[in-house]
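Residue numbers (the working numbering), protein chains in the order written: chain C, 1 to 113; chain B, 1 to 115.
It is possible that part of the hints are untrue.
Just so you have them, the derived chain C footprint on chain B, three or more residues with Cβ under 8 Å [what the hints assert, rightly or not]:
id, region
1, 10-24
2, 31-43
Cut-off 30 Å, straight-line C-alpha distance, at most; resulting in silico cross-link-like pairs (DSSO-like, lysine-lysine) [said to hold, decoys possible]:
id, chain 1, residue 1, chain 2, residue 2
3, B, 13, C, 68
4, B, 13, C, 95
5, B, 13, C, 52
6, C, 60, C, 95
7, B, 57, B, 13
Pulled from the structure, derived: some chain B residues nowhere near chain C, Cβ distances all over 10 Å [claimed, not checked]:
id, residue
8, 2
9, 4
10, 7
11, 62
12, 65
13, 67
14, 82
15, 90
16, 102
17, 105
18, 109
19, 113
20, 114
Hints are computed from structural coordinates only; laboratory data are not their basis.
Even glycine gets a Cβ: it sits at the ideal position worked out from N, Cα and C.
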Amino acid sequence: GNSVTQMEGPVTLSEEAFLTINCTYTATGYPSLFWYVQYPGEGLQLLLKATKADDKGSNKGFEATYRKETTSFHLEKGSVQVSDSAVYFCALRGKAAGNKLTFGGGTRVLVKP
Amino acid sequence: KAGVTQTPRYLIKTRGQQVTLSCSPISGHRSVSWYQQTPGQGLQFLFEYFSETQRNKGNFPGRFSGRQFSNSRSEMNVSTLELGDSALYLCASSLLVGGETDTQYFGPGTRLTVL
């Protein structure tokens, strides 16, 4: 079945540092890939997505590229802010899965001033 | 446009009781999905509804059930509560089902505590 593996946290960074969160997946065919962010006490917010190989999703300074050859969708941001402190989830949606999302375990990011 | 709303936000129940959670999707959205979030198991898919029909179901026991009404609002029910059912239950809505450009929007969740 489908699965998503992402690096465990917590990841602690200083403001303006470079952030990378690794995400790899297992799925048949060509799934759609997503990054969601969860701030304390809130639900999930879609950060970015990519629906086919080599697509790059981007939003709020975050980027991720759909790499079919390495089955990866790593999240990057060049200069993080304290407000980026949150839990980040990588997820996939299989082509035949309707709207079912399969999530990774989440990575907690803490940005210190 | 109002987002996905879930009620109640917090709930405390005891073992053996049953509970009903409610989700109102974004206006115009016809698909509603439910997820359970726990520290141990992470985010797990419960079920998905579209136009009042269950389209997909996760690997949860039959104690977990749901339904969707003609106005797209959805409820999920958990009967005979167990301690392990303590979790954040998240609802997500989208326009359609599985569309490549479709985006799911999540509500703030209902925090269920079973004592």
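These are the hints, each one checked on the structure:
For the region 10-24 of chain B, the stated coverage by chain C is not satisfied: 0 residues place a CB nearer than 8 Å to a CB of that chain, which falls below the threshold of 3. Given as covered by chain C, the region 31-43 of chain B passes the check, having 5 residues with a CB less than 8 Å from a CB of that chain where 3 are the minimum. A threshold of 30 Å between alpha carbons decides the hint, and for residue 13 of chain B with residue 68 of chain C the separation of about 45 Å lies outside it, so the pair is violated. With a C-alpha separation of about 38 Å, the suggested pair residue 13 of chain B and residue 95 of chain C falls outside the 30 Å cut-off, and the hint is violated.
Of the pairs offered as hints, the one joining residue 13 of chain B and residue 52 of chain C is violated, with about 44 Å between alpha carbons and a cut-off of 30 Å exceeded. Proposed proximity of residue 60 of chain C and residue 95 of chain C is supported: the alpha carbons are some 27 Å apart, at most 30 Å. In summary, the hint linking residue 57 of chain B to residue 13 of chain B is supported, as the alpha carbons are separated by about 25 Å, within the 30 Å threshold. The claim that residue 2 of chain B lies off the interface holds: its Cβ sits roughly 14 Å from the closest Cβ of chain C, which is beyond the 10 Å cut-off.
The beta carbon of residue 4 of chain B sits about 8 Å from the closest Cβ of chain C, which is not more than 10 Å, so the claim that it is off the interface is violated. Under the 10 Å C-beta cut-off, the non-interface status given to residue 7 of chain B relative to chain C holds; the minimum distance is some 13 Å. Every CB of chain C lies more than 10 Å from the CB of residue 62 of chain B, the least distance being 19 Å, so the non-interface label holds. No Cβ of chain C approaches the Cβ of residue 65 of chain B within 10 Å, the least distance being about 17 Å, so the stated non-interface status holds.
Its beta-carbon lying about 17 Å from the closest one in chain C, residue 67 of chain B satisfies the requirement of being farther than 10 Å from that chain. Under the 10 Å C-beta cut-off, the non-interface status given to residue 82 of chain B relative to chain C holds; the minimum distance is some 23 Å. For residue 90 of chain B, the condition that its CB be more than 10 Å from all CB atoms of chain C is violated, with the nearest at approximately 6 Å. Its beta-carbon lying about 7 Å from the closest one in chain C, residue 102 of chain B breaks the requirement of being farther than 10 Å from that chain.
Not every CB of chain C lies more than 10 Å from the CB of residue 105 of chain B, the least distance being 7 Å, so the non-interface label is violated. Taking the minimum C-beta to C-beta distance to chain C, about 5 Å, the non-interface status of residue 109 of chain B is violated against the 10 Å cut. Separation of residue 113 of chain B from chain C is adequate, the least Cβ-Cβ distance of about 15 Å exceeding the 10 Å criterion. Every Cβ of chain C is farther than 10 Å from the Cβ of residue 114 of chain B; the closest lies at roughly 20 Å, confirming the non-interface assignment.
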